[in-house]
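**Student:** Now for the letters of each chain:
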Amino acid sequence: MLRLFGNANYDFIGARRYAYGLTAAILLPGLLFLLLKGLNYSIEFTGGTLLQVRSNKAVNVADLRSGLDREGVHGAEIQNFGAENEYVIRARIAKPGSDANDTQATADAVRSALDKVLGAGNYTVARTEAVGPKVGGELRQKAFLAIFLSFFAVLAYLAYRFEWRFGLAAVIATAHDILATIAFIGVLRLEVSLTVVAAVLSMVGYSLNDTIIIFDRVRENLHKHKQERFAQILNRSINETLPRSVLTHGTTMASLLALTIFGGEVIRPFALVMLFGVFTGTFSSIYIASPVLMAIEQRWPGPAARGHLAPKKAAPSSPTRKPQTVG
Amino acid sequence: MFATIRSRLILIAILVVASVYFLFPRNVTLRERGANGVMRDTVVTRVPLKRGLDLQGGMHLALELDQSKQVSADPKKDLDLALTVLRKRIDEFGVEEPLVQKVGDARIVVELAGITDPARAKAIVQRSAFLEFKITNETGALEKALPAMDRTLRAMGVKGAVEPEKPSAVQQLLGGDTTRPAGADSARPDTAKAKGAKGAARDTVAEDTTPVPGGVLSGLIQPAGPGGVPGEYAVPETAFPRVDSLINLPAVKRHLPRGLVLRWSSAPTSVGVQPVRFLYALDDKSIVTGANLVDAQAQLDPLTNGPIVTFELDRAGGRRFGDETGRHVGDYMAILLDGRVQGRPPVIQSRIGRNGQITLGGKSLQEAQDLALTLKAGALPIPLKIVEERQVGASLGSDSIRKGITAGLVGTALVILIMLVFYRLSGALAVIALGFYLLFTLGALSMVDATLTLPGLAGIVLSIGIAVDANVLIFERIREELMHGKTVRLAIDEGFKHAMNAIIDSNVSAVLTALFLFQFGTGPVKGFAVTLIMGIIASMITAIFVTRTFFMIWLQRRPALSTLSI
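Those protein sequences? They're chains A and B, same order as listed.
Start counting at 1 in the first sequence, then tack on 5, and there's your number in the working numbering.
Start counting at 1 in the second sequence, then tack on 1001, and there's your number in the working numbering.
Mixed in with the good hints there might be a few duds.
[To be verified] Partial selection, computed: residues in chain B whose CB lies under 7 Å from chain A:
| hint | residue |
| --- | --- |
| 1 | L1397 |
| 2 | V1411 |
| 3 | I1419 |
| 4 | I1467 |
| 5 | V1473 |
| 6 | S1510 |
| 7 | L1518 |
[To be verified] Which residues of chain B face chain A? A partial, calculated answer using Cβ under 8 Å:
| hint | residue |
| --- | --- |
| 8 | R1391 |
| 9 | Q1392 |
| 10 | V1422 |
| 11 | V1469 |
| 12 | D1506 |
| 13 | V1526 |
Keep in mind the hints are simulated off the structure, nothing from the lab.
The C-beta atom is built at its ideal place from N, Cα and C for all residues, glycine as well.
Make a model of the complete structure from these sequences and hints.
**Tutor:** Structure follows, in C-alpha cells:
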C-alpha cells in the first residue's frame, strides 16, 4: 500500500508562529507592491478596446505603435500573445465618463492603422472586445460584491453545520487566501479579467473545501478524544487528513498543470491563479484556519471545545494563554 | 433505500440512459438565408450541447437606449419595444439560435453565433429604421429666414471667415451639372480636388476675417436654382458639419417658420469638382411613417438594375398616403430614413396607393435586403448605443476547443495514473466512476441547456482533478479503518459513513461560491459556474453512490475478502 505521510505526526500548531511570520513576509511586501503598482485590470473592467490580431507576416511593434498614434490611438498596449505573429492591442479609455461609442470608434481606428501598417488582407482579427466605461465599472463592483457575499453565505452555512467559531476561522483563512492571491496576481502582472475573478472564486471554494475537511476531523476528534488538549486535537486532525490532502492536491495540480501547459493563452492566467490557490489554500487550512480556530475557542470557548482547553481557573485574566503543545 | 445491488444498478442505469439521451445527436432546425435571400428552415443533426460564443465564434453586444439625441419619456417601455423589434430583425437576419434578451432593466444583450460579417450585424441592430415621407417646401421659406439667421449669428460673433469656403466658389461650382447622382464612395476621390479649390479660394481672400458680405449661412446654403427641386439647398460637403451645428443652434432655429424642418441628404453628391451635401426644407408633418408599413422587399429595378426596396402600407396608411399624394400631385416628396433624406425627392406624378418604392443609389443588393428587413421589423423607438461588444473569430474558437481537449486528455491521464498508483484496484474503480462523472456532467449540462464556454471547458478539466477528491476521502478513511484492525466489509461501511459529512459540507460550500459566481458573471463566466455546479453534483453522485455500488458488487463476489486492494 502506497501511502504518503501515512502516520504523520507533525506539530503543525506548535510551528504556527513561524507560519505567521511567513504569512507576513509574503503578504506585506505583496500588498505594498499592490498599493504602489495597483492591479492590471483587463478592459472588461476599465472599459476600452481590445483586438487580437493574427498577421501572416512579421509585425514590427514600433511601426504598429506609430501607425496607431497616427490614427489617434495613443498609449495602446501591444503585446505578443502566444504565437509569433499574434498580437493583442489594448486601448483603454483614458477618462471615465467618456462616451461608450468611443470604443467603437477606437476599434475602427485600430483597424485602419492595421490596414496601413500591415496591409489589408495580411491579417485577421481573431477577437474584438469593446467595453464602455459604465459596463466596466459595474462589473468591477459586481465582482467585489460576489466575493464579499459568498463570504457571508459560507459563514452562515458553516455556522449552521458546525458553529460560528469554525465559520469565522474558515472565513479568516479564506480572506488570507484572497489577499495572497491578489498579491500574486499583482506581482506577476497577470491581467485581472472575468476569468481570473472566476479563478479567485473557485480558489475560494477549493480552499474552503480543504479547511472544512480538517474541521470535520476536528469536530469528530473532539468527541473521540476527550482527554486531549485543543492543540493536540488540531495536530491530530491535520495529520490524519494529510494523506488525503496530498493526494487531492496532487490530482488537482495535475489537471491544472495540463491546463497551464496545453490549455492555451486565454486560459493560462486562470490555471496559474488556481495553481497558486492550491498552495495558499493548503497552507491556510493548516496554518491559518486551525490556529485561528484555536485562538477563537480560547477567547470565546464553545461547547464543543470545552474540556479541551487549558484550565481556565488558573489564569482567568489571560484567556489567550498558549496551551501546551504536544508534538 | 437502494440497499440491494439490484436497485442501485437500476438507478445507475437510469442515470446513464438519461445522460446518453440528452447527449444523443438530434435534429435541430435552423433558419438560414438561402442563396436567393429568402429565409428557409434547414435541419441539422448534431450533439445538442451548445457551445458558447468564445468556442464557436460570434458576437456579443450589450445595448442601451441612446438618449443623447432623443430623450425617452418612458425608458422601460421603449426598451421593451426595442427588444421586440430587435427580436424580429434578428430572426430575419438568419443566425443559428440567436439570443436577444433584456438584462437588468436598462440593457439588451444580443448574441449571434457564427456570424461572418459583424459590421453588418451591428448596423442591423443599431439602425433606427424610422421611415417618413414629407413634402418639400415650395415657398422658399428658408431663403426668407436666412438673413435673420445671419444677423443672429453676427450678433453672436460667428464670422464667416472661420471656414475658408467662399460663396463665390460655391456658386461657381453649382453652375455645374446638378443632376448627376453619386454614392458616398464616389465622393472620396473628389476631396483632393476639393482641397485644391479650397486653397485657391483662400488665396484670393487671404486671411480675411471680415464677415462675408452675404452672411455666414446665406453664403454657404445655396438654393438649387430654377429647374431644381424646390426646397433643396446645396452646401459644400466640407462645410457640412459646420452648417449642421450652426442651424441647430436654438437661437438660429427660432427663425425657422413654424411647420418647417431642415433635413440633410444621406450622402454627399458630386457636383462639378466639389461634393455637396443637400439640405432640404420640408413640411414638418409626415404624410405617412414606417409605423403603417406591413411589408418591405428588396428587388432590383428592372429599368436601372439598381437595388430598390418596395413596400406595402396597411389600410389606414394606404388611404392617407393616397389622399395626401392625390392632393400634392406635381409636388416633390422626400423619403426619410432615420432623419436623412434618401436619394433626391421624386416628383409626385399621380395619386399613390398602398404600394411604393425607395430607390437606393449606389448601394448593394444586400444593403437593400438589410433595409427591407429592418423596415419590416419596425423602427426602434429610441436609437440604441453599443455599450459592450465582444467578437470571437471561428478559428480562434476551434483553437480553444482543441487546446481545451488536449489539456483535458493530459490532465485525465495524469489523474488516472495517480489513482492507479496509489489505490490500485480501488483506484481503478474510482477511475471508472470518473468516466461516469464525465458522462453525467455533460448530460446534465445538456439537460439544463447550458452553454459550454472556454472557462467552462477549463472548469471541466479542473473538476476532473477535484472530482476524485470524494473518492480519495473515502479511500483514506477505509485505510484508516483497516489499520485500526477492522474487517474489510466493516472498514468499507465505516469509511463511506464517516467520509460523508466532510464530502457534503465541503461540496455545499463549493456550490455556494459557484452560485455567487453565476449570479455576477456574464456569458463565459456563467458557463463556468454552471459547469462547476453540475460537476460538483455529479462527482458527489459518482463518488458516493456509484463507487459504493462497485464495492458492494466486489464484496458480493468475494465474500471472504480479507485484504483490500486499496
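**Student:** State for each hint whether it applies.
**Tutor:** Outcome of the hint check:
1. With 7 Å as the threshold, the beta carbon of L1397(B) comes within range of chain A, its nearest partner Cβ sitting at about 4 Å, so the hint holds.
2. The interface hint given for V1411(B) holds, since its Cβ lies 4 Å from the closest Cβ of chain A, which is under the 7 Å cut-off.
3. The beta carbon of I1419(B) is positioned within 7 Å of a beta carbon in chain A (closest approach about 5 Å), and the interface hint is therefore held.
4. A cut of 7 Å between beta carbons decides the hint on I1467(B): the least distance to chain A is about 6 Å, and the hint holds.
5. Contact between V1473(B) and chain A, as hinted, is supported at the beta carbon level, the nearest pair being about 5 Å apart and thus within 7 Å.
6. Against a cut-off of 7 Å between C-beta atoms, the interface hint on S1510(B) holds, since the closest Cβ of chain A lies about 5 Å away.
7. Interface restraint check for L1518(B): the shortest CB-CB distance to chain A comes to about 5 Å, inside 7 Å, so the restraint holds.
8. For the restraint placing R1391(B) at the interface with chain A, the shortest Cβ-Cβ distance is roughly 5 Å, inside the 8 Å limit, so the hint holds.
9. With a least beta-carbon distance of about 4 Å to chain A, the hint placing Q1392(B) at the interface is held under the 8 Å criterion.
10. Because the smallest distance between the Cβ of V1422(B) and any Cβ of chain A comes to about 6 Å, under 8 Å, the interface hint for this residue holds.
11. For V1469(B), the interface hint holds, the least distance from its beta-carbon to any beta-carbon of chain A being 5 Å, beneath 8 Å.
12. Hint status for D1506(B) relative to chain A: holds, with the closest Cβ pair at about 5 Å, below 8 Å.
13. Taking 8 Å as the C-beta cut-off, the interface hint given for V1526(B) holds, the closest approach to chain A being about 5 Å.
Consistency with the previously given hints is maintained throughout, with no hint failing.
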